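> Protein chains in written order, with our numbering: chain A, 1 to 307; chain B, 308 to 648; chain C, 649 to 988.
Don't take each hint at face value.
Unchecked claim - Pairs of lysine-lysine, BS3-like flavour, derived with a Cα cap of 30 angstroms:
{"#": "1", "chain 1": "C", "residue 1": "Lys915", "chain 2": "B", "residue 2": "Lys574"}
{"#": "2", "chain 1": "B", "residue 1": "Lys439", "chain 2": "C", "residue 2": "Lys667"}
{"#": "3", "chain 1": "C", "residue 1": "Lys822", "chain 2": "B", "residue 2": "Lys456"}
{"#": "4", "chain 1": "B", "residue 1": "Lys574", "chain 2": "C", "residue 2": "Lys848"}
{"#": "5", "chain 1": "A", "residue 1": "Lys217", "chain 2": "B", "residue 2": "Lys439"}
What the hints assert, rightly or not - Footprint (simulated), chain A over chain B, 3 or more residues, beta carbon under 8 angstroms:
{"#": "6", "stretch": "315-328"}
{"#": "7", "stretch": "420-432"}
{"#": "8", "stretch": "510-516"}
{"#": "9", "stretch": "574-583"}
Claimed, not checked - So, partial list: chain C residues that the calculated Cβ filter (under 7 angstroms) puts toward chain B:
{"#": "10", "residue": "Ser700"}
{"#": "11", "residue": "Ala834"}
{"#": "12", "residue": "Val965"}
Simulated from the structure, these hints should not be mistaken for lab results. Quick caveat: nothing in here was measured; it's all calculated off a predicted structure. Beta carbons: idealized from backbone N, C-alpha and C, even for Gly.
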Amino acid sequence: MMLKFIVRRLLQLVPVLIGVTFLVFIMLHITPGDPAEVLAGEGATVETIENINERLGLNEPLHQQYLSFLSNAVQFDFGTSWRTGREVSSEIAPRFFVTLELAIYSTILSVFLGVIAGVISAVRRYSLTDVTIMLVALFGLSMPNFWLGLMLMQWFAVKLDWLPATGWGSGSQVILPVIALGTAGAAIIARMTRSSMLEIISQDYIRTARAKGVTEKVVIYRHALRNAMIPVVTVVGLQFGYLLGGAVLTETVFAINGLGRLVVDRIASRDFPVIQASILVIASLFVFVNVLVDISYRILNKRIDLD
Amino acid sequence: MDHDSILKINDLKTYFKIDDQKVVKAVDGVSFEVPKGKTLGIVGESGSGKSITALSILQLLDEPGEIVGGEILFNGDNLIEKSIPEMRKIRGNQISMIFQEPMTSLNPVHTIGNQISETIDIHQKLSRTESKKKTIELLELVGIPSPEKRIKQYPFELSGGMRQRVMIAIALASNPELLIADEPTTALDVTIQAQILELIKDLQDQLGMSVMLITHDLGVVAETCDYVAVMYAGKVVEYSDVETLFEDPKHPYTVGLLNSLPRHDIKQEELTPIDGMVPSPFEMPVGCRFAPRCPHATDLCREKLPSLWELNKDQEVRCWIYTEEWDGDQEVKVSDSLNLA
Amino acid sequence: MTHSTLLKVSGLKQYFPIKGGFFGGKVNDVKAVDDISFEVNEGETVSIVGESGCGKSTTGRSILRFETPTAGEVIFDGTNLTTVSKKELKQLRSELQIIFQDPYASLNPRQTVRQILYEAIDIQKVVPKGEREDYLFELLELVGIQPSQADRFPHEFSGGQRQRIGIARALSVKPKLIICDEAVSALDVSIQAQVLNLLKKLQREMGLTYLFIAHDLGVVRHISDKIIVMYLGKIVEMGDSEEIFENPQHPYTKALLSAIPVPNPKKKSQRILLKGDVPSPMNVPSGCRFHTRCPFATEYCAKKVPELRTPNDQETVNHVAACHYMEEIDFSSLEYSKNV
């Protein structure tokens with residue numbers, strides 16, 4: 001049952017991904033700016049540009065270009081970068097893992113902080129603690145992550161000199177960017193957890209649990225939290241996807257060589273193969289995470305019908 | 308009334324403070340007893356305070372509900388004075404409760420087995436295997452077929468009737484002395500209701516527990532209860548043994564209820580409804596709360612609240628008609644068609 | 649009293665496909681209503697009773713074409729409702745009204761009673777605009793709402809009053825037939841009696857016809873001329889109200905009646921306790937659908953679907969049941985539940 005469900009959901013991803021690549025392909029080709037001109041540099045002759053067009057296959061009809069990209073992509077062959085001439089896959093891979101790491105750590109941080117804060121807030125509804133947590137969350141939510149990043153850098157790297165300001169790799173380098181990127185998520189998750197917990201706490205089965213004589217702790221953690229996590233999981237999934245694509249500002253602030261920065265750089269230089277492959281990778285991961293979300297639904301709540 | 312009572316409630320008041328001006332007096336001076344080993348029915352329409360009374364006993368009230376006065380004597384101990392940890396030792400152990408909605412009263416993410424054994428584990432020191440054995444025994448007791456299989460199932464895999472059986476199994480896990488059943492069959496179909504009521508009766512006989520059954524259904528009361536308290540607008544208006552209540556109802560509200568009930572077992576020409584409607588909780592009448600709807604009401608009723616008089620050893624009634632002050636008509640009778648039955 | 653037939657349902661089937669499998673195709677049907685036929689005469693109250701999942705509500709919805717029936721005919725006042733166009737259907741709605749269980753859910757909370765009723769009156773152009781107010785007050789008086797309350801919103805009324813507003817709305821378009829789908833189930837007994845009396849009064853005064861869908865047999869006995877008992881999408885018994893209550897033929901009807909607690913401690917009913925639950929309508933039992941719970945079932949019941957027929961020696965009465973053995977069953981042989 002479960003296996004069948006997973007296989008089916010994965011198969012359903014195929015049309016989604018084809019759609020994504022198609023959209024990206026079209027958008028790249030209708031954006032003004034001829035890649036061959038950009039590659040050839042300023043003052044290049046018409047002939048040079050024509051040569052480049054010929055070499056890169058840009059003279060072929062659009063649908064043919066797309067089909068050949070697609071057939072190569074299916075074999076995991078994304079071609080070579082127009083700018084560096086290196087294999088696209090070896091160009092993307094190291095950058096991708098940096099971004100993935102950043103996104104995973106940030107997500108872990110947001111879930112950890114968000115769920116704890118949300119539960120405390122819900123349990124002590126309308127108390128000073130609740131009001132404070134929700135205010136902090138609102139603040140965290142409204143703060144742009146690049147600005148938060150800059151502030152963190154200013155304080156902890158420049159003024160206090162506790163942590164390195166830039167780069168990625170060592171443990172201490174990880175801390176600031178993860179906080180910068182994870183804060184907004186933590187705030188969203190805290191608010192979501194709070195409202196979901198409040199709804200669950202008024203359910204009949206919570207009253208049943210209390211009528212059994214269990215302690216409030218058990219009521220909250222065993223009976224309420226697991227039910228309350230169902231909507232939160234959706235948010236976490238979406239959040240993770242957002243972090244993958246949206247980490248670019250944080251990557252820029254902390255000078256991290258992640259996938260986001262790569263894409264932005266290569267958009268400027270019209271390096272179509274790298275852009276297309278990067279977006280395909282991000283999109284695949286995004287939809288894959290959503291399948292994971294669906295699966296965790298099933299684990300959290302047996303009632304959700306997989307069909 | 309002098310019974311050997313397991314539960315004795317005196318002048319219980321449970322209020323909901325909405326804001327500084329508005330207070331809903333959901334339960335406002337309720338007194339009754341549950342005789343040991345017997346079934347007391349609490350009957351009343353919506354807003355009568357019957358469910359709030361039940362929740363007050365176990366202190367399971369939702370905010371802003373609060374017990375503001377009275378006594379709840381369980382085996383002579385006043386539960387209102389108990390601390391929260393002391394109450395927890397009583398809940399699900401000496402006093403258990405089952406609720407109206409079997410569909411939503413079980414936790415959807417835990418197995419049936421875990422939800423039953425949880426209660427066993429809180430109140431009894433049993434090993435894992437003993438606890439599992441007891442869980443299976445309980446499921447057998449409440450008539451659930453193939454219990455070994457059921458313990459691994461989730462609530463959504465069971466029908467409403469089966470879920471209510473599971474709720475009963477949870478309630479019985481520690482052999483409670485008192486079972487409070489709040490409209491346990493209202494959400495169920497009538498053939499399933501019959502099964503569940505039968506089960507509660509059987510278990511009561513087997514285990515010797517006392518039952519407090521809250522219902523709006525006079526049929527259920529007649530068939531399952533030994534004593535009845537009729538509630539109206541936060542107060543008990545009549546308390547008697549079940550036969551007296553149906554044979555010789557005293558309070559005009561009780562009579563009105565019986566007259567307005569369409570019966571499947573006899574032919575009735577016209578129903579005699581009670582005029583008007585239940586008073587708003589924010590504008591309770593000063594005198595008898597039923598006076599605005601009562602066909603017998605006089606100025607006395609509208610001005611002064613009657614107390615619950617003891618008419619004889621089996622019947623108490625909150626009505627001026629049965630006092631010396633009364634000078635109006637005294638005919639409080641059920642429709643003729645009901646007398647023929 | 650002989651009246652002409654107002655509603656004739658024949659061979660009505662309402663199936664709902666169950667999607668599933670690898671490609672989400674249809675794997676099975678829920679046979680919510682499976683080949684039922686009945687007639688409702690003008691000025692009568694016919695009730696459909698049964699437990700949850702028996703198809704009684706679906707029947708009402710199919711008649712009104714909220715769902716498109718899988719098969720069968722619904723002839724209302726000479727028109728086949730299953731084949732008329734949406735436009736014609738809309739016009740017919742003025743003659744065919746429904747009242748639901750929860751009046752609150754079916755009244756727009758942002759409209760006053762006046763607006764709610766005017767809307768219904770205007771859509772069907774019942775009276776000219778100039779006479780609307782008089783008509784409105786007339787309607788409110790009819791259902792026992794003070795005309796001075798016409799400009800209040802639904803939430804300012806109690807449940808019983810809201811149901812009266814729902815009735816006023818249904819009446820406003822001068823219908824011939826009103827389908828009452830559990831219309832009094834949510835009301836407290838004392839209020840329920842008020843509404844039941846109101847429905848009876850309106851019927852007498854306006855010659856209304858009711859199709860009453862309910863699970864409460866006390867209510868049903870009180871209001872009905874004829875009764876249809878359904879079980880798992882099929883009619884198991886049908887006939888004059890008093891016949892059904894005093895002389896039930898089908899073991900299911902008998903069990904259903906015996907299961908209702910009687911509000912008389914001295915007259916505890918002899919109860920036939922049915923085993924188990926109603927089977928899933930996705931997977932109905934073969935033969936007689938009741939055979940899995942019937943204390944009298946034989947192998948034959950599992951094989952052959954019983955047809956509705958008049959019991960032997962009772963040809964004169966309006967009463968049919970679908971049981972192979974209804975003449976032979978000796979209910980007194982049953983072991984009744986021991987507590988009664």
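> Within 30 angstroms, alpha carbon to alpha carbon, are A:Lys217 and B:Lys439?
Roughly 23 angstroms separates the two Cα atoms, so the pair holds.
> Please work out if B:Lys439 and C:Lys667 have their alpha carbons no farther apart than 30 angstroms.
The hint is violated at about 38 angstroms.
> At a Cβ distance under 8 angstroms, does chain A reach at least three residues of the stretch 315-328 of chain B?
n = 0 at 8 angstroms, threshold three: violated.
> Is the interface hint satisfied for C:Val965? The criterion is a beta-carbon contact with chain B at less than 7 angstroms.
violated, 17 angstroms
> Taking beta carbons only, do three or more residues of the stretch 510-516 of chain B come closer than 8 angstroms to chain A?
violated (count 0)
> Compare the distance between the alpha carbons of B:Lys574 and C:Lys848 with 30 angstroms, and conclude whether the hinted pair is satisfied.
holds, 15 angstroms
> Using 7 angstroms as the Cβ threshold, decide whether C:Ala834 counts as touching chain B.
violated, 9 angstroms
> At least three residues with a C-beta closer than 8 angstroms to a C-beta of chain A: is that true for the stretch 574-583 of chain B?
Check failed, 0 qualifying residues.
> How about the stretch 420-432 of chain B: do at least three of its residues have a C-beta closer than 8 angstroms to a C-beta of chain A?
holds (count 4)
> Taken at face value, is the distance from the CA of B:Lys456 to the CA of C:Lys822 at most 30 angstroms?
violated, 57 angstroms
> Taken at face value, is the distance from the CA of B:Lys574 to the CA of C:Lys915 at most 30 angstroms?
Distance ~15 angstroms between C:Lys915 and B:Lys574 Cα, so the pair holds.
> Quick check on the hint: C:Ser700 CB to chain B CB, less than 7 angstroms?
holds, 6 angstroms
Checked against the numbered hints listed earlier, the structure breaks hints 2, 3, 6, 8, 9, 11, 12; every other hint is satisfied.
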